[in-house]
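Each chain, letter by letter, is given below.
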Amino acid sequence: KQEVTQIPAALSVPEGENLVLNCSFTDSAIYNLQWFRQDPGKGLTSLLLIQSSQREQTSGRLNASLDKSSGRSTLYIAASQPGDSATYLCVTAGGYQKVTFGIGTKLQVIP
Amino acid sequence: DGGITQSPKYLFRKEGQNVTLSCEQNLNHDAMYWYRQDPGQGLRLIYYSQIVNDFQKGDIAEGYSVSREKKESFPLTVTSAQKNPTAFYLCASSNGQGAFNTEAFFGQGTRLTVV
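Chains as they are written, first to last, in our numbering: chain L, 5 to 115; chain Z, 4 to 118.
Calculated from the structure, these hints are not laboratory results. Remember, it's a predicted structure, so these values are computed and weren't measured experimentally. Glycine included, C-beta positions come from ideal geometry on N, C-alpha and C. Wrong hints could be hidden among the right ones.
[Said to hold, decoys possible] Cβ-Cβ distance ranges computed for the label pairs, FRET-style: (1) Z:Asn-56 <-> L:Pro-12: 36 to 46 Å; (2) L:Asn-22 <-> Z:Gln-20: 48 to 58 Å; (3) Z:Gly-6 <-> L:Ser-63: 15 to 25 Å; (4) L:Glu-60 <-> Z:Gln-20: 46 to 56 Å.
[To be verified] With a Cα cut of at most 27 Å, we get these calculated DSS-like pairs of lysine-lysine: (5) L:Lys-46 <-> Z:Lys-73; (6) L:Lys-110 <-> L:Lys-5; (7) L:Lys-102 <-> Z:Lys-17.
Same shape as in the complex, but just chain Z:
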């Protein structure tokens, strides 16, 4: 089955620690995205990548980093510089020209909690 897999489902981070969220897709999509979801707010864009070895900052990139070494993979690192990382993180992918120009697929999310 084609889709997007995020892992882990739950993640706990200690103060000052970097953690990495995994996102893998087998849909052969060029574009991948990371979003953050907080209660009472719409999803906010952290980073996106249109093609391999290229990525761009979104609206709330501070304290986060990404890489896109393979088409299938777009991991997100939450660094210690991110002061309020507790949130639900969603990875997505789409194809075609332009963002979300075709049906967008989302992973099942990673819930990150600072302990």
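The shape of chain L in the complex, shown without the other chains:
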């Protein structure tokens, strides 16, 4: 059974810092990995989707990488802003019964 682990569980940084969120997974038989953002009491918003054949995806200040062989993905946030404060979730997909969510990294960016 797939397990998705996100480290750290919580992170507090001053505004303007570049930061890295880590995600590891145990089963490399996935066809994609997505990073989501969740604000308190809200739904999830997709940030980046990396197909299994890809190594990375970029959107604005966000860059996500995928290394299937080592079971790792990282989400890089450049020049962090207070509006980036949220919980970031890593999700692997390998089939309808095989969509696995991490518990998330709760990020606080301090002005």
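With the hints as your guide, set chain Z onto chain L.
The following block gives chain Z in isolation, referenced to the frame of chain L:
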């Protein structure tokens, strides 16, 4: 604007009562999903539907039921058989072959509380 709408935002259930959570999407997505989110745990799959008139149990389907009579709608009923229903419920949809094969969209959630 295309998206997923969940209602109500907050729902209170009395002991022994069935309640229904609504989920509607106008994204023309084939696949829809219901997840349950509890503190300190990853989202867990309750039911999913790949096409109209078809749905499958997820990991924690006991005490829940769904229907998919229209492509746009995937309501979830929490029955009295669900002994611990207090949680945050999220509906999602996606397109393409396979679950979450394309960007997945989520509703804003329904917080269900037993009173």
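**Request:** Against the structure, test the hints numbered earlier, and report the numbers of the ones violated in rising order.
**Result:** When the structure is compared with the hints, only number 7 turns out to be violated.
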